Each structure stands twice: as structure tokens, then as C-alpha cells.
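For what it's worth, UniProt numbering labels the leading residue of the sequence shown as 1, then goes sequentially.
FYI, nobody ran anything at the bench for these hints, they're computed from the structure.
Keep in mind it's a predicted model, so treat the numbers as computed, not measured.
Treat the hints loosely; a few may be bogus.
[Unchecked claim] With a Cα cut of at most 27 Å, we get these calculated BS3-like pairs of lysine-lysine:
{"no.": "1", "residue 1": "Lys116", "residue 2": "Lys627"}
{"no.": "2", "residue 1": "Lys297", "residue 2": "Lys627"}
{"no.": "3", "residue 1": "Lys120", "residue 2": "Lys471"}
{"no.": "4", "residue 1": "Lys106", "residue 2": "Lys471"}
{"no.": "5", "residue 1": "Lys408", "residue 2": "Lys572"}
{"no.": "6", "residue 1": "Lys297", "residue 2": "Lys572"}
{"no.": "7", "residue 1": "Lys106", "residue 2": "Lys408"}
{"no.": "8", "residue 1": "Lys106", "residue 2": "Lys116"}
{"no.": "9", "residue 1": "Lys557", "residue 2": "Lys572"}
{"no.": "10", "residue 1": "Lys602", "residue 2": "Lys116"}
{"no.": "11", "residue 1": "Lys602", "residue 2": "Lys408"}
{"no.": "12", "residue 1": "Lys572", "residue 2": "Lys106"}
[Claimed, not checked] Here are the simulated distance ranges between beta carbons:
{"no.": "13", "residue 1": "Leu533", "residue 2": "Ala132", "range": "35 to 45 Å"}
{"no.": "14", "residue 1": "Gly212", "residue 2": "Asp607", "range": "31 to 41 Å"}
{"no.": "15", "residue 1": "Lys624", "residue 2": "Gly245", "range": "52 to 62 Å"}
Glycine residues also receive a C-beta, built at the ideal position from the N, C-alpha and C atoms.
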Amino acid sequence: MEHTFELHVLDYVSFFGYFVALSFIGYIAGKNKSEDAADYFLAGRSLPWYVVGSSYIAANISTEHFIGLIGAAVIYGISVATGEWSTVIAFSFLIWLYIPYLLTSKVYTAPEFLEKRFNKPMRTLFAGVTLAINVFAFLGPVIYGGALVLEELFSIPIIWSIVIIAILSGFWAIWGGLKSIALMDVLTILVMVGGGLTVTFLGFYYLGDGQGLIAGVKKMIDVNAGNAEFAQNFIAESVPHIMQGSEPGDEYGRLSVLQPLNHYSNPWSHWVLSFFYIGLWYTVINQHMIQKVLAAKDLYHARMGMVFASGLKLLLPFIVVVPGLIFFAMNPLIETPKTGYGEAEAAVLAELGIEYQLEEDNFLLDPTDATIVVDYPNGAQIVADAYRARNGELSSEEAEAAMAALSKARFGYSSDKANKTYILMIQDLVPPFMIGVLLAALFGAIQSTVCSVLNSTSTVFTIDFYKMFLKPNATQADEVVVGRVAGAIILALSIGMAILLATATKVNLFVFIQILYIFFAPPFSATFLMGSLWRRVSGFDALISTIVALAFASALKVMEFYFPENLPDLLKPFANQGVAVWVICMITLAISTVLTAPPPAKNVSDDLTFNWKKMDFGGGLGDKWYKSVTLWWAVALGGMFFFVILFSIVL
């Protein structure tokens, strides 16, 4: 495939037309009420269900998905969709268990709620962690992912691309507040879903090679099942890097969402248990997500908004996962200019007799030795050692290590290049005008996430640090000003994080973000769950168990990076590390709760802990059958189980 990129005049029309419409919506929504704190941070608690659901998902979907998740699907297969489909379970807990008393509490932030349930130190700890993770796991990676697209499409240097993406994306969050963001997100979701499905259908037609859509679907399934020679080779070479502690003959099913426990990114435990150690944090107490629910106009609109979000989550893998399976079936060429290497690389190529022919034989899933020499860190030494191993110049032990290093480099190269999957598919498959629409969808996703995270982060700083410690009597106008200044500072820090990612060792963007989630989320998921269900859990119990769990998570990371030989194979997959951290936190919490005094009555009222009588299961469900929260929630849950069965048993 020849990768060229030229924008047609119609692409400029559609691309800039989208941003003009988006800016108009943001301006109209934010011009009148942005000086009122309730309007600026929570849109005046006035959002209808379709805005709640659209904004929730728009904030969730970004370059992590269009760049990272599609790229991860190229490498790992359909299993990376588990994070999307299993979210329906987490949403179910949010809809039926947590929304009633989150709305009753009338808080601005999740840390504020934790103070009411536990104590001020727990609020401060969670607020600090929220600020850190929003910069390092959300804003930095999202801005970096968008910058990769600008660099690839328009040859803008990566640093300038980062600055451009950050400033353009962050403006409306700082100026207009949540209402501007939420209403812009409705347009973003429409463009994102329509444009994303277009790429998927065009990919199927391409694979069908003139025989239609169904033929393309069949080819995608056939190749990902390992029935093509290059697919067999890639799967065989990838097994040691995907299946931790694998044995000869092991394999992973690219068409199954249920993977063995030693699968690096998505073991079955991640599907079954992810709600408890990450989903609860992400969906219920993650500020930039739950802020949309807190802004709903009432209980019905909050619940129906999350049901709508559940439906969108079922659809998302066909936009941000299936294209990766299609791209895998294409086994496309990745072209790099022949001038891309220096004297040292040229000397190695000449010494080893390797001809640099990237234009002819550099397939993404089958990189040549020359590719590794030129494009991979320390590639020249890795290939030289492997060359000597093949020629019998090394001992058996040295040869085994050299070939393993080459295999790791080839896998790393493919993982890095897979981050460019979506943009390469746009280049090769999409006609004029639609290219502009799809670029608008991609940049809309970036803009939406940056806006939401930036607004929520400034909210946490303003409410949980500035107002609590610096100026308790701050006026609403003061809070808005501080929120805007904090937003600008946070954006600058995020630019720094994005630049750090751009200069660091190559890694799949989706995997990087998931690793950070697994580190931070389990302790807070455990304490929040137990604090909701067990009234005897005190603030001290929550604080001590969270600190112990974070220390344990840190110890796991130290072992993983510095003493990997001492880390059991079962704990090498980062999802399994999340389970272990969650279990440690739960055990510590239970022991502390039994041994210490119960909390004050004000911390365990019916508005702060689970109570069947206060859950209002019959309220806020809709007055007509077609408006029923229960009906559409059941449809979404059934759809989730259908896809699990389809991609684990049927295919």
C-alpha cells in the first residue's frame, strides 16, 4: 500500500466546518454563566440524559482509543475490547447503586464526597492522586497521541504538534466551563460514531477486494484466526511477549475476549474482576467522568444518561478495535525514507551485508533486520548480535539471548508502528471530504477529553485545595478565576508530560495508560466499595489500607523493572497486578476495621452509605415504557453478553 496524504479542498471544508460549529456551540453555551461556580464546574446541574451520556463517552474516548487501542488490537486482537464491553457492568453498579446517593450528597467533586464518608486526609490524598493521574495518565498521553497524528499527517515537529494540540484543545475548558464542554460533546459523539463506523465499513470493503462487505468480514476473521502464513509467523513470534512465562506451543486467540491468566494485557481475570479493581474508580469516583453525572438535572436523567453511555460502549469496539483487526489482515507496508539512518547504522548494514529496502519489504508485522537497525533503539547492536548467533559465532546461551533480544525488538517495532494504524487507514481507504470528517472526529475526541480532564482537574484543585486550605470563604467569582488559572498551569504541566513521552522509549499508548490505571485505581476502588457497603469502615481504616496498597503497588513495579526474575509469572501481566493490589487493600481494610473504633454517625448516614430503603430503585425510571431505564439497561446488558459469547465461543 502506498501511503501518501494530500488534503482535498473538500477535506478542509468539512474539517474546519466542524470546528466552526464546535466553537459556536462552546461560545453560546459558555458566554452568559461562566462567572457562576455552579455553572462553570457543574453546568448548573441542568444536563439532560442525552448530553450526560454523550459527554461521558466523549470524555472517555480519545487518542488512547483511536491511536492506542486500535494499535493494541493490531498486536493483541479482539481481547482489548474487554475494557469497553465490561464497562457495562460497572455502569450497572453506578446506575442502580451509586447515582442515588451521589446526587443526594450535592457535592462538586469525588474527593469532597470521600471527606463526607471518611475524613479530610482521605479527601486530600485522593485529590492529590487525582491531580497527578489526570496529568500523567490522561492529559499528557492524550496530547501526545494527538501530536503523533499532526506529525504524521503534516510533518509538524512533535514538540510543536504537542503545543498546538494542547492550546487548541484546552481553550474552551478554561473559558467556558462544563456546560460548553458537555454541549460540544454531543456534536463530537455524532461525528465520532459516524466517522468511525465509516472507516470500519471501508476497511471491510477493501478486504473484500471487490466481492463486497461480507467477503471482507470473512477475510478479517480468517486472517486473525491465524490462517494466513504471515499471521501464523507473527502470532508465533509474539507469544513470548504476550503470554508471560509461555511454553513452546502456547498461543493466544486473536478472536477471543477471554484470554489465559498469563496474557500480558487482558487475562480473563481483567474481564471478570476489572470492575472491582479499576472500573469502580474509573466510572464512579474518577472526577472527569463522574462530573457529568453530578451535573444531571435529576435522578432520571443521570440514570438514563448512563444507560445511553452503555449503548455507546457496546458500539465503540467496532470503531476503535475492529479497525485494528482489519489492519492486521492487510499486513500493510510501513514506508520510511532510505535517508533515515546515519553513518553508524550504514556501517552495520554494510558489515552484515543487509540491504535497506524498506519501500519493498518492510511490512508492519514482519519488520526486516534493516528496519531494526535503523528504527529501533540499540537496533544496530541487537541485529549484529543476532547475525553472529545465526552464524554460530556465539555460545548456545548467548545465541538464545541474542535471538530473544531480536524478537523483542521486532515486537516492539510492530507495537510502536501500530500506533499509526488509524491514520494510515484514513490515508489509504477514505475518499475526499470524508477524510476531513474523520480528522475532525479524531481531533474532536482529543479536544473533548482534554477539555473534560482539564475542567475536572481545575475543579478538584479549586474545591479540594484552594477553597479548603487557602481561602475557605472564597466567592464563586473567585473560584471561577482560580479554576481558569489552575487550568492554564495544569495544561502547561501536561505539555511537559507529553514531551517526556515523545522522547521516551517507544510504547503502545493504550498499554502505557492502562499500566498507570492499574497502579492508582485498585486502592481507591477497594476503599470506596467497602466504605459504601460496610458502615463500620472509618476514615482511618480507609487511609491506612490505601497507603499500604499503594506501597505494595510500588514494590511490584520496582520488582518488575529491576528484579523481573523474582516476580512470579502470574504477576507479570499488569492486570493481575491490579487484582493483587486490590486484594491487599481489601485484607488490610478488613483487619483495620475489625481492630479499630467505628466512625462517627455523621460519616455513615443513609446519604453516604448503601441502604436499600434509600436506593430509590423504583424512582427516576421513566414514565413510559420506551423511556424505561430498566428496559434499555437490560438491552445493553444482554448486548454485552452476546458479544462475549460471539468473540469467545462462536468465532
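Evaluation of the provided hints:
For the proposed pair Lys116 and Lys627, the alpha carbon gap of about 34 Å is over 27 Å, so the pair is violated. Between Lys297 and Lys627 the CA atoms are separated by roughly 16 Å; this keeps the pair inside 27 Å, and the hint holds. Straight-line distance between C-alpha atoms of Lys120 and Lys471 comes to about 16 Å, which keeps the hinted pair within the 27 Å bound. The hinted pair formed by Lys106 and Lys471 meets the criterion: a straight-line CA distance of about 21 Å does not exceed 27 Å.
Simply put, Lys408 and Lys572 have alpha-carbon atoms about 16 Å apart, close enough for the 27 Å limit, and the pair holds. Annotation: proposed proximity of Lys297 to Lys572 is violated, straight-line Cα distance about 44 Å (limit 27 Å). Restraint check for Lys106 and Lys408: not satisfied, since their Cα atoms lie roughly 51 Å apart, outside the 27 Å limit. Between Lys106 and Lys116 the alpha-carbon distance is near 11 Å, which keeps this suggested pair within the 27 Å criterion.
Under the criterion of a C-alpha separation no larger than 27 Å, the hint pairing Lys557 with Lys572 is consistent with the structure, at around 10 Å. Restraint check for Lys602 and Lys116: the C-alpha separation of about 8 Å stays at or below 27 Å, so the hint holds. The hinted pair formed by Lys602 and Lys408 fails the criterion: a straight-line CA distance of about 56 Å is larger than 27 Å. Our distance criterion of 27 Å between C-alpha atoms is broken by Lys572 and Lys106, whose separation comes to about 41 Å.
Our hint of 35 to 45 Å for Leu533 and Ala132 is violated, since their Cβ atoms are close to 28 Å apart. Roughly 57 Å separates the CB atoms of Gly212 and Asp607, a value that falls outside the hinted 31 to 41 Å. For the pair Lys624 and Gly245, the beta carbons lie near 55 Å from each other, so the given range of 52 to 62 Å is met.
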